[in-house]
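With the hints as extra help, turn the sequences into a complete structure.
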Amino acid sequence: MSGNGSTENKKIARRTARARRMELNRTASITIMNCEKVSSELQKTAESSNPYDIFRKSRTALPHDGKHNFAKLQQLIAKPLAATAIAF
Numbered sequence: 001m002s003g004n005g006s007t008e009n010k011k012i013a014r015r016t017a018r019a020r021r022m023e024l025n026r027t028a029s030i031t032i033m034n035c036e037k038v039s040s041e042l043q044k045t046a047e048s049s050n051p052y053d054i055f056r057k058s059r060t061a062l063p064h065d066g067k068h069n070f071a072k073l074q075q076l077i078a079k080p081l082a083a084t085a086i087a088f
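The sequence shown maps to residues 1 to 88 in UniProt numbering.
Each hint should be verified, as a subset may be incorrect.
[As the list claims (entries may be wrong)] Computed spacing ranges between beta-carbons, pair by pair:
1) I32 - I12: 29 to 37 Å
2) T7 - T27: 24 to 32 Å
3) K44 - T7: 53 to 61 Å
4) K44 - S6: 32 to 40 Å
5) K11 - M33: 27 to 35 Å
6) K11 - K44: 29 to 37 Å
7) T7 - S40: 45 to 53 Å
Honestly, the hints are just simulated from the structure, not real lab data.
By construction, the Cβ of each residue, glycine as well, lies at the ideal position given by its N, Cα and C atoms.
Given below as structure tokens:
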């Protein structure tokens with residue numbers, strides 16, 4: 001009986017771990033898509049004539065689940081912001 005219980009606990013633990021990984025991967029994918037969307041918006045704004053729009057959009061358009069893939073977000077917004085640094 002104890003052997004079966006132990007095996008069953010291992011199965012449950014594997015299922016739980018798999019579900020947790022899938023949820024984290026899904027959250028990470030959504031966050032990366034949000035980052036790419038923000039980057040695209042910032043790039044469009046970088047090509048506009050008003051540099052203040054870059055600051056405003058970078059403050060308001062960022063995804064709120066910033067605890068995931070923060071480095072990816074930084075990388076995605078760095079290029080459009082650097083492109084307009086001369087304008088400031």
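Right, here's what the structure says about each hint:
1. Between I32 and I12 the Cβ separation comes to about 30 Å, which falls inside the hinted range of 29 to 37 Å.
2. For the pair T7 and T27, the beta carbons lie near 31 Å from each other, so the given range of 24 to 32 Å is met.
3. Checked against the given bound of 53 to 61 Å, the beta carbons of K44 and T7, roughly 56 Å apart, stay inside it.
4. Checked against the hint of 32 to 40 Å, the pair K44 and S6 fails, with Cβ atoms roughly 57 Å apart.
5. Taking 27 to 35 Å as the suggested C-beta distance range, the pair K11 and M33 conforms, at roughly 33 Å.
6. Taken as a hint, the range 29 to 37 Å is violated for the pair K11 and K44, whose Cβ atoms sit roughly 50 Å apart.
7. The hint said 45 to 53 Å for the Cβ distance between T7 and S40, and at roughly 49 Å that hint holds.
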